[in-house]
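Given the coordinates of chain Y, assemble chain Z onto it according to the supplied hints.
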Amino acid sequence: MGIKENCRNELRAAVRQLSDRCLYSASKWAAEQLVGIEQDPAKYTPSHTRFQRGSSSIRRRFRTATEAAFTSTPAAGVSHVTTPSVPEDDNEAIDNDFYLLAKSYFDCQEYRRATHVLRDQTGKKAVFLRCYSLYLAGERRKEEEMIELEGPLGKSDVVNHELVSIERELSGLRKNGSIDSFGLYLYGLVLKQKGSDNLARTVLVESVNSYPWNWSAWSELQSLCTTAETLDSLNLNNHWMKDFFLAYAYQELRMHTESLVKYENLQGTFSFSNYIQAQIAKAQYSRREFEQVEVIFEELLRNDPYRIEDMDMYSNVLYAKECFSALSYLAHRVFLTDKYRPESCCIIGNYYSLKGQHEKSVMYFRRALKLNKKYLSAWTLMGHEYVEMKNTPAAVDAYRRAVDINPCDYRAWYGLGQAYEMMGMPFYALHYFKKSVFLHPSDSRLWIAMAQCYETEQLHMLEEAIKCYRRAANCNDREAIALHQLAKLHAELGRSEEAAFYYKKDLEIMEAEEREGPNLVEALMFLARYYKAQKRFEDAEVYCTRLLDYSGPEKETAKSLLRGIRYEMDVEHPPP
Amino acid sequence: MSGAAAMPGLSKAAGAFTITPHKLSICILIQVYAPPSQTSVPFPFSSVAQHNLLGSFLLSLTKSSEDIFEPKLDELVSQLKEIGGVLNHWLSDHLARKLSSLASPDDLFNFFNDLRGILGGSDSNVMDDDQIILDPSSNLGVFVRRCLLAFNLLSFEAVCHLLTNVATYCKESLSTYELSHFDDSDSDTEAPMHYENMDLENLVVEKVNKEIESRYVVDDRFSFHNHAPKALVRADEDRDFSPGPQVRKINKPREVSACASSSCDVSDSVDSPSGDFLRTNWQIQGYLLEQADTIERQGSSFPLNAFESVLKDLLKLAPELHRVHFLRYLNSLYHQDYHTALENIHRYFDYSAGAEGCDFVSSSSTGCNSFGRYEIALLCLGMMHFHFGHPDQALEVLTEAVRVSQQQNNDSCLAYTLAAICKLLSEFGVSNMRGLIGSSYSPVTSIGTALSTQQLLYVLLRRSLKRAESLKLKRLVASNHLAMAKFDLTQVQRPLLSFGPKASMKLATFPSNVCKELRLSSHLINEYVDEASLMIPDGAFCTQWIKNLKKPKGSVIFSQENECRNNTDAFQFCGQPCSIPGSVLQLLGSSYLFRATAWEFYGSSPLARMNALLYATCFADSSSLDDLALAYGKLIQYLAVFKGYKEAFAALKLAEGKFLSLSKSQIQLVKLQLLHDHALHTGNLKLAQQLCDELGVLASSVAGVDIEIKVEASLRHARILIAANQFSQAAAVARSLFCMCYKFSLQVENATVLLLFAEIHKRSGNAVLGIPYALASLSFCKSFNLDLLKASATLTLAELWLSLGSSHAKRALDLIHGAFPVLLGHGGLELRARAFITEAKCYLADSNFSVSEEPEMVLEPLRQASEDLELLEYHKLAAEAFYLMAIVFDKLGQLDHREEAACSFRKHVTAS
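Heads up: the protein sequence lines correspond to chains Y and Z, in order. The opening residue of the first sequence carries number 1 in the UniProt record's numbering; numbering runs sequentially from there. The opening residue of the second sequence carries number 1 in the UniProt record's numbering; numbering runs sequentially from there.
Any given hint might turn out to be false.
[Stated by the list, open to error] 27 Å max Cα-Cα, derived DSSO-like pairs, lysine-lysine: (1) 467/Y with 434/Y; (2) 171/Z with 142/Y; (3) 390/Y with 355/Y; (4) 194/Y with 312/Z; (5) 658/Z with 192/Y; (6) 643/Z with 876/Z; (7) 312/Z with 374/Y; (8) 370/Y with 192/Y; (9) 316/Z with 373/Y; (10) 312/Z with 192/Y; (11) 643/Z with 686/Z; (12) 373/Y with 312/Z; (13) 194/Y with 316/Z; (14) 339/Y with 360/Y; (15) 142/Y with 312/Z; (16) 370/Y with 355/Y; (17) 646/Z with 658/Z; (18) 434/Y with 370/Y; (19) 532/Y with 504/Y; (20) 355/Y with 374/Y; (21) 876/Z with 370/Y; (22) 316/Z with 374/Y; (23) 142/Y with 876/Z.
Quick caveat, the hints were computed from the structure, so don't treat them as lab data.
Next comes chain Y alone, as it looks inside the complex (with noise of 0.2 Å):
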């Protein structure tokens, strides 16, 4: 137990010196994972553990044998290094009251207020909040001028006015070494801010090297690290923390295995952890795991009721398997505790997706939108609404706003080279699912949409079309769609020893999954002609006769095929 002890201990005096620093969020994810730890059984009531139980059960339900590996060897190979907590600055008592108001103030986001209240404090604790207060007024600002200024020419980009001062005077401070692991973090922050990525990096990795266990700075310092080669350059110490980190990179990578087995791991330790439980359902969620996903979601929400963060994705989930009235359960309940959170409206627009009102589902999302510009998936759906109301023009555009905020987003690229499809521009279109597939390689459906892109009339590039089926053939392709393509253009293209090749491998699928239609029929039909034509009457004799279980067309033609084999046999073989 003592690796958990370690953990709450840490975490405990974390949450107290990030709330006394404002530091908000960073506190309530610390208090999170706090929380998370499994509770010594010994100590705690039943009524407590009550509920920690439930979860664990369902979640070991899911477990497989290697996660069991994983979690019954808790983290045993990194030795964590503990870093000494810092030490709360014993101001005087005027110092600190002068805090207490300014911190105050900030509560009441009285930002230059309580700025004002610290002007003259040097304590380390004194000038972060000034600083960060500044900060903050300066954001509010440019949020504030950002629409005051919506003119002809759109002029978003405004800056933080205070961005200078703050960095001007923390500067000085990392030079003369008397600044402290927060003031580090707002430093990265602001030299984010002003572009200059690898200083930020740096002053980033200072700071959670000097204090492992202030969330935003880990998640400022993913952001800066977009491929990873960077992330392998960081010179991080081992903490748990790191771990957090990195499963969190990994995932942003685009690594979703290597992102589940630390996220695994961690659960070990915080095993009733939402934010790890949420993460891994990210994680599962990109590996198009639905089922998984959709009971760990259930799982949270019985939790935590009130929790919105990440709902959106199980909306996603929701969606997919058309589960109307989950959804609007769902949305029903988001809307209820915070209606003006982009994920709620996000939640809300897919439900009215679902029920084919689409424009109501693009003023949702729209809603999300203008709440947060730089939501990625309200405008990949956005686009995707506009698509199904047949606004090519509107959803290339969102889209390619989607794009142009991550150009890893391979679902809005997807959608626009869709687009572009629609429109009966098939080359063009085949840019764009160059670039989704490049991103996203293991997906079949992407490879897919190329592939019939290739295989349109006014393209009619078979070879390529036949290479894009096979990639997707590879990579675990649910519908078999890619397997029966390929079946047809071989054929198409006389290459019958192919074509009998994909039809065997296709019906063998269908068999398995006991799938019963066209395809089934058409391969049956394909094989027994070509087991004719082989001169191999024994194989095609079976195909001809399971025709014959098809009523149609091709039961005669089977009976026919039939006759012509038995003549055929005859005639090599006479009888006796």
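Chain Z in isolation, oriented as in the chain Y frame:
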């Protein structure tokens, strides 16, 4: 785009006249100019002339206030200084004091309230001569009214912003201008400091300032359509700050009323087309258009990074101004950055749907459908692939463009696309259409798969021309005529029907057709003689409409004034409105360039030279640098052929200096060609081979692209092999070259290759085998009207006959004499020398000819030949000439002369 949220740039477009600190300054000055007092010469002015001076200065300021760049306060102050005397000191002091006294929003309100007072009432027809009242409908009056209106529309927040901007505006000039004696205690209160750097104009000016610095180094001639940057440039250069042209002009005293009324007319006529549009957006668009023009003209010598950073800044400031993406595309396109270009062109069309720009409103032929105009995207993408030398992708995309334009009934786009396909087919060697276009649906193949590429090209050209004519796309018609002329020059028209009765068709090119097409193409300029037809919006081809768009011009007054002062700089920044559009000039110029090429083919060197010269002198300003380099290259080559290498290299050096910045330049090609020729003539084969290889590397590796360079490299390679006496290898090279030319149906080149075969056989001593090749080449030349090449083939034929034995000398001589007019009139030094030597040889071989009787018959041509060859430094041939000369002198018994010739002979033999 359906929603306003996604495109705030368009929704909030109207009423974009915004108050800026600069306009505020103008208002302050106007207030000084026309105070509500009653005296004829108000307080600070000592004379009417001085007063009028300020008036006309203000007039020009209001005229230029619509420019994209606004001058800073210190610039305005320094301009004020030019008005002269003690007065300006008072004026600038007053201005600064007034500006810095604006400390609270209420001050601004009061200021504008006062400003209203200087306007006369509507019944101002009863005017006292001595009284100064601003006529509300005069130029200044309108300006003041617009300012008042714009101020009244401002929200409180916006007034606060204006206040901050004014503070920034003043603060910027503080560093240069002494304001110490002013009471500025409350000029920078705490609040305005948060809005530092808010002003778009100020930011842009800063950036442009940077850009100008960088550009100024590159191109001195570069200009803007306004004066402010000019002033900036001067300041940056730290030259003696001469007064701007506009200010000097003002020295002429003029009646204010006359001035106002006359300029009112000007402004009415000028402002009417753009008056209803949003100004600021319009201004930036105008700036972008101009930049686009410049990029297209200057090509790779345009400063890539400097402009890119300007664009990036612009993009940050105005994220809804999508044309910036197009400019970024153009910029990277001309700097051969494929990936960036591809990214940006897609981004541009994703955002704009091809519907951005002012043409969208004006083109009523297609109607604004909700579909967007993505066919233009396809067309541009096709042109991009064409530019980068990807014929397959280009054709695929253009085919799609044809299909989508047909679906969308966008006829003009279709016409342009067809023209683009024609250009593609004629530029790139496309040997097999069917392999290229996979689709059976394709309109290109649907014309008939039985047709050859050339026939297809012909059909497409005709269709495109017809379409362009019916749509009245004048430029397109002109360029189609040019393409047609090119086709007529190099290709024989064959019957299109592969079955049925065939009309007897002469398989030859018709120079008259070429001439006709060229004339028709040049008709374009007639359309623009009439100035009224200037504004016709023309189709949807992006580069075309970008050029076509009328530019905003705030500085019309200045430019007109400058014209009469004959200032070259000024001429450039006023040029656009009153002259023929640049694109038309460019087209016209290319027809002259084409004429030069055509005459090269037909073998008239003086005409070719003349046309190239004409192009280089008359169209240098409007043409792209690449075309200009081509013309220069031609001229240099003419020099080399007719005057020898020394002069050519001297000219080349000049040209290299001029086109230093072009990356893949024609000049580079010419340099290699010249060096190669020189090396070949002086007998430095190793160097020649090396140069030839370098030449080959210039061509793209894609099959069918840059064929001309590839053909030339092979030809040169074969020539080196001949010079090295490796005939079988030379023949092998020639054979593969012939195959290539046949595959891509390069008929003209085929004639050259056949002649090369004849040459190889001649040199290897198989004259009998050489004669058929020479004859074949001759017949090719005849049907393509290649007169000079024909003469050269005749010469080779004569040489072949001569080498068969002295019995054929007479025949050879006849042949040479037949070809002499062309050879001597239009042939280069080498050709002439060869003809002379062969003539002399014929005489010498002729048994009926006696040297002693008519020595000059032999000596004269030999002397000529040796002179020409010495200019050319062609040692091998020169040695031959001197050898023959020595023999003749020997026969004549002139021993001194013989020794002299022998000496020269030795010199050349050892040199080679």
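**Asked** So which of those numbered hints doesn't the model satisfy?
**Response** Result: hints 5, 18, 21 and 23 break, sorted rising.
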